[in-house]
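Colleague: The task is simple: from the sequences and hints, build the whole structure.
Line by line, the protein sequences are chains A and B. Numbering follows the working numbering, in which position 59 of the first sequence is assigned residue number 59; successive positions increment by one, without gaps. Numbering follows the working numbering, in which position 128 of the second sequence is assigned residue number 128; successive positions increment by one, without gaps.
One or more hints might be untrue.
Looking from chain A toward chain B, a few residues come up when the C-beta cut is under 7 Å (computed) [unchecked claim]:
| # | residue |
| --- | --- |
| 1 | A4 |
| 2 | I24 |
| 3 | V40 |
| 4 | D42 |
| 5 | I52 |
| 6 | H54 |
| 7 | A55 |
| 8 | G56 |
| 9 | I59 |
| 10 | H60 |
| 11 | E63 |
| 12 | L74 |
| 13 | M81 |
| 14 | L85 |
| 15 | L86 |
Keeping only pairs whose Cα atoms sit at most 25 Å apart, straight-line, the calculated SDA-like set for lysine to any residue is [as the list claims (entries may be wrong)]:
| # | chain 1 | residue 1 | chain 2 | residue 2 |
| --- | --- | --- | --- | --- |
| 16 | A | K11 | B | Y3 |
| 17 | B | K10 | A | A29 |
| 18 | A | K11 | B | L4 |
| 19 | B | K2 | A | R72 |
| 20 | B | K155 | B | D131 |
| 21 | B | K2 | A | I71 |
| 22 | B | K2 | A | V65 |
| 23 | B | K155 | A | I71 |
| 24 | B | K21 | A | L73 |
| 25 | B | K2 | A | A78 |
| 26 | B | K21 | B | K2 |
| 27 | A | K11 | B | V115 |
| 28 | B | K185 | B | I57 |
| 29 | B | K2 | A | F19 |
| 30 | B | K10 | A | R72 |
| 31 | B | K242 | A | R72 |
| 32 | B | K155 | A | W44 |
| 33 | B | K160 | A | I24 |
Honestly, the hints are just simulated from the structure, not real lab data. Each residue gets a CB set at the ideal place from its N, CA and C atoms; glycine is no exception.
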Amino acid sequence: MCLAIPMRVTKIEGNPDDFSSSQIATVDADGIGREIRLDVVDRWPELGDYVIVHAGFAIHTLEAVEAEANIRLLRELAAGMPEELL
Amino acid sequence: MKYLDEFREKGLARPLVAELKRSVTRPLRVMEICGSHTMAIFRNGLRSILPEGFTLISGPGCPVCVTSASHMDAFISMAERPKVRVAIFGDLFRVPGSNGSLANASSRGAKVDIVYSPMDALELAVRNPEDLVVFLGVGFETTTPGIAATILAAKNRNIKNFTVFSTQKVMPPPLIALLGDPELKIDGLLCPGHVSSIIGAGAYQPLADTYHLACVVAGFETTDLLNGLILLARQVGQGVAKVENTYQRVVNWEGNLRAARMVDEIFEPTDMEWRGLGTIPGSGLAIRPKYADFDAQARLDIVLPHTTEAKGCRCGEILKGKSIPTQCPLFNTRCTPQNPIGPCMVSSEGTCAAYYKYGID
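Modeller: In structure tokens, the structure reads:
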């Protein structure tokens with residue numbers, strides 16, 4: 001139920017500070033354009049950002065720097081693993 | 001897909017499994033709270049590679065599973081009222097109440113629509129002006145902000161036939177209720193990813209402090225999960241209890257403040273009944289009186305029936321981590337995904353459905 005997946009923002013409408021405006025983004029989900037709501041996203045995205053989408057609402061704009069740091073750490077850990085333990 | 005594929009990198013799995021094995025230096029019991037984690041762990045085959053001494057138990061984080069029998073009965077009898085149209089997430093459709101499910105009600109003529117988003121339910125209200133549309137709010141913190149935003153949109157657009165029946169629940173209170181049970185001896189929590197995106201990793205600090213629990217927030221891909229399990233094993237091995245976050249790309253310490261403001265505008269804390277756990281103070285969200293026009297319970301004068309849970313079904317014990325599905329006499333005999341008796345077998349995130357699907361003995 002709490003499944004949410006990252007999608008790339010291709011279009012943005014509305015004003016982040018005005019909740020009575022239509023806060024909508026178009027996202028690209030595997031080549032298909034879809035409209036999602038931005039009413040509750042933590043940080044207003046920029047074009048090209050990825051947002052995490054749950055039940056039609058973006059809930060978070062992905063932090064690319066954090067994702068890269070995370071995967072780099074995992075790769076370092078993997079690279080440092082002694083052969084005999086694998 | 002970006003942000004998914006790299007966290008599924010095949011070459012990383014073996015070294016991370018080796019690291020996990022090396023990190024387990026004393027036996028530990030960890031509860032994975034979130035139903036999406038339960039499914040992801042099974043799907044990735046992680047149960048079969050858990051090192052000896054690492055016990056993983058499933059917790060109360062499947063929203064359909066923790067919906068009480070009384071609420072199910074109230075949903076179904078409400079759906080059967082004339083001029084009511086119920087909108088639900090698909091998982092709820094086949095959950096049995098004491099007299100059939102919403103699916104059965106629908107086949108008898110009740111108006112039940114499966115929607116992807118609460119906003120779709122609002123559009124249903126626009127398209128069906130003669131009906132009162134009731135969206136059944138069955139979810140945790142991840143779902144609540146969207147429902148709040150939909151209620152606000154209904155108000156702004158002056159749509160008067162849209163309501164919500166809120167059984168929305170919040171996560172920390174049931175965990176505290178569970179941790180008070182001396183029978184449940186756990187060393188750590190694998191904390192949910194998307195709930196934490198809303199409430200922030202900081203929400204678990206009191207659990208780490210008060211109950212000396214290792215708390216690690218993790219994502220849902222193979223390397224996310226392995227990383228989370230490694231950090232839990234390390235903390236327990238070192239005898240420390242702190243909050244760590246391995247899902248920084250989606251979760252920060254303080255949570256989603258825009259969503260929190262939206263939720264606070266529409267909802268207020270209330271006592272909520274959970275399947276298996278009973279009524280837990282402050283564990284639910286009710287629509288504030290200011291927005292009573294959008295509250296189905298107020299508009300339709302709903303009184304919750306006192307329903308007891310299906311006989312023999314151990315969902316309640318399973319949700320508390322006290323039983324595993326194969327210990328239930330109904331599991332894979334009278335209760336299967338085709339003919340479910342308890343919600344843990346119906347929901348795609350239910351522990352029984354996971355055990356059934358992945359054939360764990």
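Colleague: Hint by hint, where does the structure go against what was stated? Just the numbers, ascending.
Modeller: Violated hints: 2, 23, 26, 29; rest satisfied.
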